[in-house]
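There are 2 protein chains.
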Amino acid sequence: MDRGLCYGDGLFETIKVFQNKPLLLDAHFSRLALGCERLGIASDGLKDRFKADISDLLAVNPHSLAVLKLTVTRGAGPRGYFAANNLRPTTISSLSIAPDFTHKAMEGVVLRWCHTPLSINPLLAGIKHLNRLEQVLARKEWDTADISEGLMKDADGFLIEGTMSNIFWVEQGRLYTPELDRSGVAGVLRQTVIDIAARQNNPVLTGRFTETVLKKAEEVFICNSLIDIWPVRKLEVMEWQIGPHTRRIQALLKEEYSV
Amino acid sequence: MDRGLCYGDGLFETIKVFQNKPLLLDAHFSRLALGCERLGIASDGLKDRFKADISDLLAVNPHSLAVLKLTVTRGAGPRGYFAANNLRPTTISSLSIAPDFTHKAMEGVVLRWCHTPLSINPLLAGIKHLNRLEQVLARKEWDTADISEGLMKDADGFLIEGTMSNIFWVEQGRLYTPELDRSGVAGVLRQTVIDIAARQNNPVLTGRFTETVLKKAEEVFICNSLIDIWPVRKLEVMEWQIGPHTRRIQALLKEEYSV
Numbered sequence: 011m012d013r014g015l016c017y018g019d020g021l022f023e024t025i026k027v028f029q030n031k032p033l034l035l036d037a038h039f040s041r042l043a044l045g046c047e048r049l050g051i052a053s054d055g056l057k058d059r060f061k062a063d064i065s066d067l068l069a070v071n072p073h074s075l076a077v078l079k080l081t082v083t084r085g086a087g088p089r090g091y092f093a094a095n096n097l098r099p100t101t102i103s104s105l106s107i108a109p110d111f112t113h114k115a116m117e118g119v120v121l122r123w124c125h126t127p128l129s130i131n132p133l134l135a136g137i138k139h140l141n142r143l144e145q146v147l148a149r150k151e152w153d154t155a156d157i158s159e160g161l162m163k164d165a166d167g168f169l170i171e172g173t174m175s176n177i178f179w180v181e182q183g184r185l186y187t188p189e190l191d192r193s194g195v196a197g198v199l200r201q202t203v204i205d206i207a208a209r210q211n212n213p214v215l216t217g218r219f220t221e222t223v224l225k226k227a228e229e230v231f232i233c234n235s236l237i238d239i240w241p242v243r244k245l246e247v248m249e250w251q252i253g254p255h256t257r258r259i260q261a262l263l264k265e266e267y268s269v
Numbered sequence: 011m012d013r014g015l016c017y018g019d020g021l022f023e024t025i026k027v028f029q030n031k032p033l034l035l036d037a038h039f040s041r042l043a044l045g046c047e048r049l050g051i052a053s054d055g056l057k058d059r060f061k062a063d064i065s066d067l068l069a070v071n072p073h074s075l076a077v078l079k080l081t082v083t084r085g086a087g088p089r090g091y092f093a094a095n096n097l098r099p100t101t102i103s104s105l106s107i108a109p110d111f112t113h114k115a116m117e118g119v120v121l122r123w124c125h126t127p128l129s130i131n132p133l134l135a136g137i138k139h140l141n142r143l144e145q146v147l148a149r150k151e152w153d154t155a156d157i158s159e160g161l162m163k164d165a166d167g168f169l170i171e172g173t174m175s176n177i178f179w180v181e182q183g184r185l186y187t188p189e190l191d192r193s194g195v196a197g198v199l200r201q202t203v204i205d206i207a208a209r210q211n212n213p214v215l216t217g218r219f220t221e222t223v224l225k226k227a228e229e230v231f232i233c234n235s236l237i238d239i240w241p242v243r244k245l246e247v248m249e250w251q252i253g254p255h256t257r258r259i260q261a262l263l264k265e266e267y268s269v
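So the sequences go chain by chain: X and A.
Take 11 as the starting number for the first sequence in our numbering and just add one per residue.
Take 11 as the starting number for the second sequence in our numbering and just add one per residue.
Some hints here could point you the wrong way.
Since copy identity is lost for identical chains, a pair holds within one copy or between any two.
[Stated by the list, open to error] Below, simulated BS3-like cross-link-like pairs (lysine-lysine); rule was C-alpha separation at most 30 Å, straight line:
#1 57 / 150
#2 225 / 79
#3 61 / 225
#4 31 / 79
#5 226 / 31
#6 31 / 264
#7 57 / 225
#8 226 / 264
#9 226 / 79
It should be emphasised that the hints constitute simulated quantities derived from the structure, not laboratory data.
None of the values given here were measured: they were computed from a predicted structure.
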């Protein structure tokens, strides 16, 4: 009867654990709070519940590299879409082994385009809710290990993101990323990159872009909380070198983590 | 780890049980099979698993009026959107008490418009998947008992359906309902009404319509598997009488059930 299962009525966060410490935890909690507000899920006490779970999980089983997944649903309730205000949210915390992606961060990756479109809905854009069928269908479009990620466009054909990552590119020294006010997930790493770039006096430019912008890009990279930053070497017929902006952002992210 | 909870990666059916018999069961299984095909969920053996569940549930606890809910997910799998082909789908069958809606079917109901838009995605349109946040948000727009249902438009402003029902209307004696190839859930009752009307030599006309069509409507009704057919008396400033077409379809549906 949990509405998370019944309707995808909830949110989640995927957090990298490095040397037994969850990275960018406050930023993940902020995005979760934004999601709760958007969906009208009661978020009071939520952070404390998760923090207690996290210290238990990390104490029992220390990890040098792991993934922490936090899920919150609106809770269990009677059948039907109507959500009473008095439901107690369900929280689920899990810790699992994370693959080491250092080689991809160093050597770069190959992408493809996905045909599955991302729908446009400003109410659901940006937050990391549990309605992820579009990503599932997009990720089903390939199953070869040489492709590390697929890029998705919205229903109007604008470039949005990867199935599990956000995208940035460099043109004439300026960083760009798609606006995510109508579709997509505004990743915690995406915001971290935006913040890092702003502090370097090179603010990221956001907007609606079609795929043709990538033809003029000097550098391209994708990011998420788990993979950090992967330079993109190839997207179907387009190819790029791994450039200085990407390497600088990678280095600055590493500094951010060690704070 | 079930992908139903993680990503809404699954489907469900809500079936009315009358005098301990599930109504329109074959039609529900057909829609479920279509959904499995669309999402690439293995459906072999699924019907038999559910049929065994159903006879167990109905044998243990006979009901004159109940709701049978069947849920299938892609199954439990490792973290991440990628869905391996060898997952065993999870099935969940439950039987619960159904409210008696006879008075609403007799006397009609009052509707309102919802502001929450339905996104457009032909890959997900029509099937009854577990990504239902749009319906949840739309249903949160009101909590007064005098409103029985809210109508939703797609992102382009076309009339699609109610949060939990499909809509039909009569204009100059002809039945109409929105095309659901880009948004919405193609209800089993909707298809049943379409089939009944076709057998009466009054085929339902489908298409893309804006809300203005309702101004010219002589009769309006909504339907789903659980509520059957509710005549609509009022939608904000518009009002209708309960007319002969609605009453005829209600009577023919009753015959359909008794077969």
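Alpha-carbon proximity context of residue 226 and residue 31, limit 30 Å: Cα proximity of residue 226 and residue 31: none, with 39 Å in one copy and 64 Å across.
Under a CA distance limit of 30 Å, which applies to residue 31 and residue 264: within one copy, between copies, both, or neither? Classified as within; 14 Å inside a copy, 63 Å across copies.
Copy assignment of residue 226 with residue 79, given that the CA separation must stay at most 30 Å: neither (37 Å within a copy, 52 Å between copies)
Which holds for residue 57 with residue 150 at a C-alpha limit of 30 Å: within a copy, between copies, both or neither? The answer is between: 24 Å across copies meets 30 Å, while 34 Å in one copy does not.
Intra- versus inter-copy proximity for residue 225 and residue 57 (alpha-carbon distance at most 30 Å): neither (43 Å within a copy, 49 Å between copies)
Between copies, within a copy, both or neither: which fits residue 226 and residue 264 at Cα up to 30 Å? This pair counts as within: shortest intra-copy Cα distance 28 Å, inter-copy 64 Å.
For residue 31 and residue 79, with the copy left unspecified, which applies at a CA distance of at most 30 Å: within, between, both, or neither? within (14 Å within a copy, 42 Å between copies)
Is the C-alpha distance from residue 225 to residue 79 at most 30 Å within one copy, between copies, in both cases, or in neither? Neither: 36 Å inside a chain and 50 Å across chains, both beyond 30 Å.
As a check of your reading, is residue 61 near residue 225 (CA-CA no more than 30 Å) within one copy, between copies, both or neither? For residue 61 and residue 225, the Cα distance exceeds 30 Å both inside one copy (44 Å) and across copies (54 Å).
In summary, the numbered hints that this structure violates are 2, 3, 5, 7 and 9.
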